[in-house]
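Note that the protein sequences, when read in sequence, are chains A and B.
Counted from 1, the first sequence has number 255 at position 255 by the UniProt record's numbering; the numbering is strictly sequential.
Counted from 1, the second sequence has number 112 at position 112 by the UniProt record's numbering; the numbering is strictly sequential.
None of these hints come from the bench; they were simulated from the model.
Every residue gets a Cβ at the ideal spot worked out from N, C-alpha and C, and that includes glycine.
Careful, some of the hints might be misleading.
Stated by the list, open to error - Mimicking EDC-like on lysine to aspartate or glutamate, the simulated pairs with C-alpha atoms at most 20 Å apart in a straight line are:
hint, chain 1, residue 1, chain 2, residue 2
1, A, K58, B, E94
2, B, K447, A, E61
3, A, K85, A, D119
As the list claims (entries may be wrong) - Take a look, some chain A residues computed to stay more than 10 Å from chain B by CB distance:
hint, residue
4, H100
5, V105
6, P122
7, L127
8, E147
9, A155
10, K159
11, G166
12, E169
13, Q208
14, L212
15, L231
16, S281
17, V294
To be verified - Selected chain A positions facing chain B (in silico; Cβ < 8 Å):
hint, residue
18, P46
19, P48
20, V98
21, P101
22, G213
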Amino acid sequence: MFLSLPTIHSTSFLHLLPTTTSFSINRRRYLTTATATGSDFDKTPPQPLLQVNDLKAKIVENGVDILHGVNLTVNHGEVHAIMGKNGSGKSTFAKVLVGHPDYEVTGGSVVFKGENLLDMEPEERSLAGLFMSFQSPVAIPGVSNDEFLVMAYNARRRKLGLPELGPLECFSYLMEKLKLVNMKPDFLNRNVNEGFSGGERKRNEILQLAVLGADLAILDEIDSGLDVDALRDVANAVNQILTPKNSLLMITHYRRLLDLLNPTHVHIMDKGRIARTGDKSLVAFIEDEGYETVSALT
Amino acid sequence: MSGIALTPAACNSCFIPSSYSYSSFQSHFHKFKTTRVSLHSPSFTTSDPYVLQLAETFEDSLPSSSSSNSTLLKLREASSQSLLSTPWPSRRDEPFRFTDVSFLRNSQIVPLSLPPNPSLLSSLSLHTDNPPYLTIVGGHLIQSMSKLSEFPKGVYVGTLSAMDPDLTARVLELISGFNGGDLFWSINGIAAPDVTVVYVPEGCRVENPIHFGYFSVEGSSKGSNETYVSNPRVVVVVEKGGELEIIEEFSGTQGSGESYWTNCALEVAIGEGAKLRHSYIQNESSAAAHIKWTSVRQESSSTYELTEVSTGGKLGRHNLHIQQLGPDTVTELSTLHLSVGDQTQDLHSQLVLDHPRGYSRQLHKCIVAHSKGQAVFDGNVKVNRYAQQTDAGQLTRSLLLEPRATVNVKPNLQIVADDVKCSHGAAISDLEETQLLYFQARGIDPKTARRVLTFAFGGEVIDKLPYSSIRERRVPLYCMILKVITFGASCITVCS
Numbered sequence: 001m002f003l004s005l006p007t008i009h010s011t012s013f014l015h016l017l018p019t020t021t022s023f024s025i026n027r028r029r030y031l032t033t034a035t036a037t038g039s040d041f042d043k044t045p046p047q048p049l050l051q052v053n054d055l056k057a058k059i060v061e062n063g064v065d066i067l068h069g070v071n072l073t074v075n076h077g078e079v080h081a082i083m084g085k086n087g088s089g090k091s092t093f094a095k096v097l098v099g100h101p102d103y104e105v106t107g108g109s110v111v112f113k114g115e116n117l118l119d120m121e122p123e124e125r126s127l128a129g130l131f132m133s134f135q136s137p138v139a140i141p142g143v144s145n146d147e148f149l150v151m152a153y154n155a156r157r158r159k160l161g162l163p164e165l166g167p168l169e170c171f172s173y174l175m176e177k178l179k180l181v182n183m184k185p186d187f188l189n190r191n192v193n194e195g196f197s198g199g200e201r202k203r204n205e206i207l208q209l210a211v212l213g214a215d216l217a218i219l220d221e222i223d224s225g226l227d228v229d230a231l232r233d234v235a236n237a238v239n240q241i242l243t244p245k246n247s248l249l250m251i252t253h254y255r256r257l258l259d260l261l262n263p264t265h266v267h268i269m270d271k272g273r274i275a276r277t278g279d280k281s282l283v284a285f286i287e288d289e290g291y292e293t294v295s296a297l298t
Numbered sequence: 001m002s003g004i005a006l007t008p009a010a011c012n013s014c015f016i017p018s019s020y021s022y023s024s025f026q027s028h029f030h031k032f033k034t035t036r037v038s039l040h041s042p043s044f045t046t047s048d049p050y051v052l053q054l055a056e057t058f059e060d061s062l063p064s065s066s067s068s069n070s071t072l073l074k075l076r077e078a079s080s081q082s083l084l085s086t087p088w089p090s091r092r093d094e095p096f097r098f099t100d101v102s103f104l105r106n107s108q109i110v111p112l113s114l115p116p117n118p119s120l121l122s123s124l125s126l127h128t129d130n131p132p133y134l135t136i137v138g139g140h141l142i143q144s145m146s147k148l149s150e151f152p153k154g155v156y157v158g159t160l161s162a163m164d165p166d167l168t169a170r171v172l173e174l175i176s177g178f179n180g181g182d183l184f185w186s187i188n189g190i191a192a193p194d195v196t197v198v199y200v201p202e203g204c205r206v207e208n209p210i211h212f213g214y215f216s217v218e219g220s221s222k223g224s225n226e227t228y229v230s231n232p233r234v235v236v237v238v239e240k241g242g243e244l245e246i247i248e249e250f251s252g253t254q255g256s257g258e259s260y261w262t263n264c265a266l267e268v269a270i271g272e273g274a275k276l277r278h279s280y281i282q283n284e285s286s287a288a289a290h291i292k293w294t295s296v297r298q299e300s301s302s303t304y305e306l307t308e309v310s311t312g313g314k315l316g317r318h319n320l321h322i323q324q325l326g327p328d329t330v331t332e333l334s335t336l337h338l339s340v341g342d343q344t345q346d347l348h349s350q351l352v353l354d355h356p357r358g359y360s361r362q363l364h365k366c367i368v369a370h371s372k373g374q375a376v377f378d379g380n381v382k383v384n385r386y387a388q389q390t391d392a393g394q395l396t397r398s399l400l401l402e403p404r405a406t407v408n409v410k411p412n413l414q415i416v417a418d419d420v421k422c423s424h425g426a427a428i429s430d431l432e433e434t435q436l437l438y439f440q441a442r443g444i445d446p447k448t449a450r451r452v453l454t455f456a457f458g459g460e461v462i463d464k465l466p467y468s469s470i471r472e473r474r475v476p477l478y479c480m481i482l483k484v485i486t487f488g489a490s491c492i493t494v495c496s
């Protein structure tokens, strides 16, 4: 399990500089190339982190089928993006992966780190290393942000067999993560998402990701409602959180985020299925032709 | 004995079933009329033989020495009269539609009219951390266990019977006029052994909050049919421009299974531009009955803030009546009721606005975490004809955490004025699924999540308790109660 301990990021301060984005791409590209050339380091084939096979799901309340057989494999260290028009099932897919009770899986399988993800409770999925940022995170009046983070962080430490930390011991750790998302310390004293602006809610999701760490982070429209500066902050933070080992699955409508996070794989979702998969060039194609044409090509 | 005397014959004819016809009550009425009872009240329509007997029990129990004060005598006389016109409440009476008080009627009432035996006082754990405080045991102010630091000149803290006549007259002038009380209010008026008075003169700001520690040391154990009842009565007067803060804390007997009945009354008068902050914490034993009246009268531009946290008792009933006497008043009420066992928590509040530009906010929250638990709320706000530009808001939120847990809420606004801003809302639910999922999605187990969310729900009111020392003392208890909620019924048996 990846746990973003402070030391891991001690050098990643450089990423804040404008040139660092390209640096991170190069690092990833290098890894991909290394796999292809079969050096000693990468002799083993890419390790699947998440394997989704013919996943079908419906809404519990009204029985409407949303996912009609999704297939997707995410390997360690890969950055995937899912695009698609409204209502194509992107967010449903993300929610089904984290175990949202509004949806019921009606078929297919999901294997995460070699284990059946669908058998796990939502909190077990989180502790296993799956993180999803909510598109519209719910406000929790009466629970402060630091209290919530300490609780979640200690749940993770318990899972790892590490001693739990008191609020004071956690404080410096939290402060460091707070810098990552470019927020002021009083952010911690406020109640979770209560009275937060759209941008603050998104930053808070990334702060939670930074504190908890994840093998696979699913970012559901993390860019919606963000201004240019906030988007750059969020993308910078995500880039610093990423390591060559952990993976990212983002859901987005916009090219700007893709330019900042550089996905290795781009999927187009249509009518509850992955209709097409390609690399970043697919994005330009969509922008020219629209989703209808791209989906129809399959 | 004062005010009323009954013939033995009248007393023996008690326990007429409540279904008895009106004419038979009538005949009793005449019988009493020919005896020594003098009845002036025009509202007198019927009398309940049980209530008459009860009234006599209380009057007989009072030591003759306590009747020497003419003010107390007047109070008892007036209370006797109103008591005689009031039958014991049944579920058919609207104010008691959801609240069962028959278990009190079915028990043998034993008034605690004499000061408690000093040997019983040694076990009390006083809240000595923040003086000044007043210890009231079984309705009696215990001077030896009260600590009153220096107050500004003109402040009076003590019993009514020891007060000088001029001040007594002034206090009575300010608090008289409330006649909306029920049977329990009248019982308190008859049986209160004395009245504890806090008087703050004009323009005086009292620095430290005055802490009332109410204790019950005598209770009957399980199986006994006796109910010991105490009748503490407190009057608080803050004159024009004055400022005061009071804390009322009710604690039970040491053995939590003991039953007793605290029937208390608080009368408050807040002068022009004056301010009173009032915290009320009810933590009686689990088998106790707690019935409280709070009557507040607010002059123009005055402020009254109430924060209530009620967790104890088999029955907890708070009757809150606030009357506006002038324009521009501010009234803020925050209450939290917790029902974690076979218990009922009840708030009946009425706010009467008769003058322009009143501002009021009421937040009532309750948590019911037991299948036999119940919460009742009847919140009435009256905006009368001359109360133009009133801004009145009311919100009640209830959490039902167990199947069959019950809440009966009746938020109601009566608006006659035509230029007002009023709102009310009621929400009843389990915890929010989306919030629970948010915790789980971050690796926090649902049990912990439920506990934290329940705690946060109550926190909105608890955080309004003015002093951290009180909050801190309350919070561990609250945590314990929440543990009960989280770990279910098996733990409740252990705790009780």
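- Message: Going through the numbered hints above, which ones does this structure break? Give me the numbers in ascending order.
- Response: 1, 2, 3, 4, 6, 7, 8, 9, 10, 13, 14, 18, 19 and 22
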